[in-house]
Amino acid sequence: MKKLTKEQIDKALKILRMPEDSKLVTHLNACVHCGLCATSCVYFLTMKEDKYVPARKVELVASLYRRYCTLTGKIIPKLVNARELDEKMAEEMIDLLYGACTICGRCVKHCSIGVDIAYVVKVGRQMLAAMDLVPPSLQSTVDAALNTGNNMGITTEEFTDTIQWMEEELIDEMQDENARIPLDEKNKNILYTLNPREPKFFPLSISAMAKIFYAAKESWTLSTSMYDVTNYGYYSGKNEHAAIIAKKLYDEVKKLNTNTLVLGECGHGSRSTRWEGPNYLSTEYDFTTLTVVEIINDYIRSSRIKLDKTIINEKVTIHDPCNLVRNGGLLNEIRFAVKSAVADVVEMDPYGNDNFCCGGGGGQLAMSEYNERRLNIGAIKAEQIRKTKATIVVTPCHNCIDQLTQLNHHYKLNIKIKSIAEIVADALVVEN
Amino acid sequence: MCIIALMTHFIRLIYLGKPKDYSRKSGNVTKAVAYSATVAMIDHKESAYLHIPTYFAGMIYHIGTFVSFLLLLFFFINMILQITLPQWVVWVLIAGLSLSALCGFSLLIKRAVNKPMRSLSNADDFISNLLVSLFQLASVAYLLCSCKELSYYLSATILLLYMPVGKLKHLVYFFAARYHLGFFYGWRNVWPPKKPLQ
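Heads up: the sequence lines are chains A and B, in that order.
Counting from 1, one number per residue, gives the positions in the first sequence under the numbering used here.
Counting from 1001, one number per residue, gives the positions in the second sequence under the numbering used here.
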């Protein structure tokens, strides 16, 4: 690593020196180093190395805080392990804060004190981002979104072709020439967003959702210029970038004059748009933001769509995306949707708010340099799935779907992985 | 000095204020904060049920610490009031604080012996634990014999002077952390937890 300049260090330390509120100061002073968080972390549980204890990640940021922002740390740094921000420290931070944390927040819920470890890790990432030390692979994903409007750099032509192809499939399946996947239409009730993995690798999940919208007779549209629900600026720690991406989506809602933004099946995308987006922009959104799961449940509850539980005869289990369940409150919404579509649902152990991360969160799927670790920590999820004896795993997150697909191959699980829209579409009874 | 220093930390937290959240609230923050400060400390918490001996040792140790401070406060006030504690109360305090000090020393030994915990620890962790445990032990000795008055007040003074320096100031930050956690989960309708749909 190149020697850090004074300017880089100052930019990073500014984040610690000028806290916006009491949250950061609280969490940096609250950890008592009991180490009990270790057994809640997929990294420590699978790799058993001391450096993966979540409190160690907090300690990296807290030790800098003590060194530069407290009297004890300035006078007797050794007493409280107050460390200098130098190249060695920065390398350690990159390795542990980017490469060994999915920001799943499982350790937070189980911390004996209540330290928001995931939040502190994110602050550490912000410091690294301020020094331009975001791993290049993750930064290139952010750059793609900034430059092209989606994180996979899909051209408008390619996207439009895929949607037209899916529309033809929908017309065939519904046997209705009027079945449509609308593009860039103004004044619709819903602007629907996607994870770019869908048009790129999983177009059937788009047609599944289109089928649901068709059955519900919904007034909706996709945008060709800003359909990407993801925001990797959230994971890179560069809030300026996250804000630009959030603003693009906000502007698209305004441009198309819609009153509901429906967030495609992506955990961090939903989180960064619904919970973080308004904060990036310091704006209260004057439109409704809903996840796919909630809109589908609304259709089920209001009988706008009908499902037949006897269609799917396989055992199904649910993987809880951390950003939607533990950090998003959708525990029962996901269960309502799946249990409305499937008769035989079995839970993982543990499940819900305590479920383990699949290993693909925190931007891990975008950082190829940590692929080996990512597959290693997935061993816990693979074992959870195997124990359920389910043949289908449902999860409303394409990031998780990608990781589960790789785990399926790596650990030979022999399962099918589906999104919520896909499982609901499979059970859908369409009356023309 | 100790109280002023800790109050400074507390006032700074109040001055900095809670985070402004522009997103649309989905749950009940008040109920979540109440849950965070109470039931969440034991409800389905791995740091509790996966580590039963450590968890209970920690609980006893912290209760003992609060009792020791209350006792110190009582001794100060009693310089004026001159009340004599009933003998049974004295013996309950001696038994409780002995157990608490034992838990404190056990945790100290665990920190020194357990590899992941040792690697996580700094000098302050050991000093803080030692000072609190010694203070509890000195409380027991003083309750047993008034001749230990000097060592008791000396241990109390050292502890109080050290408190704002190191991690013992989590006395203030613990409650703030529980608040922030309750706020975060409450805003998003995660806490108080819902019964999973069967």
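If you are wondering where the hints come from, they were derived from the structure by calculation, not from laboratory data.
Even for Gly, the Cβ is constructed at its ideal location relative to N, Cα and C.
Treat the hints with care, since some could be wrong.
[Stated by the list, open to error] Here chain A is said to cover these stretches of chain B; the calculated rule only asks that three of the stretch's residues, wherever they fall, bring their Cβ under 8 Å from a Cβ of chain A:
#1 1056-1067
#2 1132-1146
[Unchecked claim] Label pairs and their calculated CB-CB ranges:
#3 E84(A) x A1112(B): 52 to 62 Å
#4 I1083(B) x L71(A): 50 to 60 Å
#5 M47(A) x K1025(B): 37 to 47 Å
#6 E84(A) x Y1015(B): 38 to 48 Å
#7 I1083(B) x L45(A): 47 to 57 Å
#8 Y1015(B) x N189(A): 37 to 47 Å
#9 G1017(B) x D176(A): 50 to 60 Å
#10 P1019(B) x L45(A): 52 to 62 Å
#11 A1123(B) x M47(A): 23 to 33 Å
#12 S225(A) x F1056(B): 51 to 61 Å
#13 T5(A) x S1151(B): 35 to 45 Å
[To be verified] Listed next, the in silico EDC-like pairs over lysine to aspartate or glutamate satisfying Cα-Cα at most 20 Å (straight line):
#14 K1045(B) x D349(A)
#15 K1025(B) x E294(A)
#16 K1020(B) x D349(A)
#17 K1045(B) x D354(A)
Verification of the hints:
no., hint, in the structure
1, 1056-1067, "violated (count 1)"
2, 1132-1146, "violated (count 0)"
3, E84(A) x A1112(B): 52 to 62 Å, "27 Å, violated"
4, I1083(B) x L71(A): 50 to 60 Å, "40 Å, violated"
5, M47(A) x K1025(B): 37 to 47 Å, "38 Å, holds"
6, E84(A) x Y1015(B): 38 to 48 Å, "28 Å, violated"
7, I1083(B) x L45(A): 47 to 57 Å, "54 Å, holds"
8, Y1015(B) x N189(A): 37 to 47 Å, "45 Å, holds"
9, G1017(B) x D176(A): 50 to 60 Å, "56 Å, holds"
10, P1019(B) x L45(A): 52 to 62 Å, "31 Å, violated"
11, A1123(B) x M47(A): 23 to 33 Å, "28 Å, holds"
12, S225(A) x F1056(B): 51 to 61 Å, "59 Å, holds"
13, T5(A) x S1151(B): 35 to 45 Å, "53 Å, violated"
14, K1045(B) x D349(A), "15 Å, holds"
15, K1025(B) x E294(A), "16 Å, holds"
16, K1020(B) x D349(A), "36 Å, violated"
17, K1045(B) x D354(A), "9 Å, holds"
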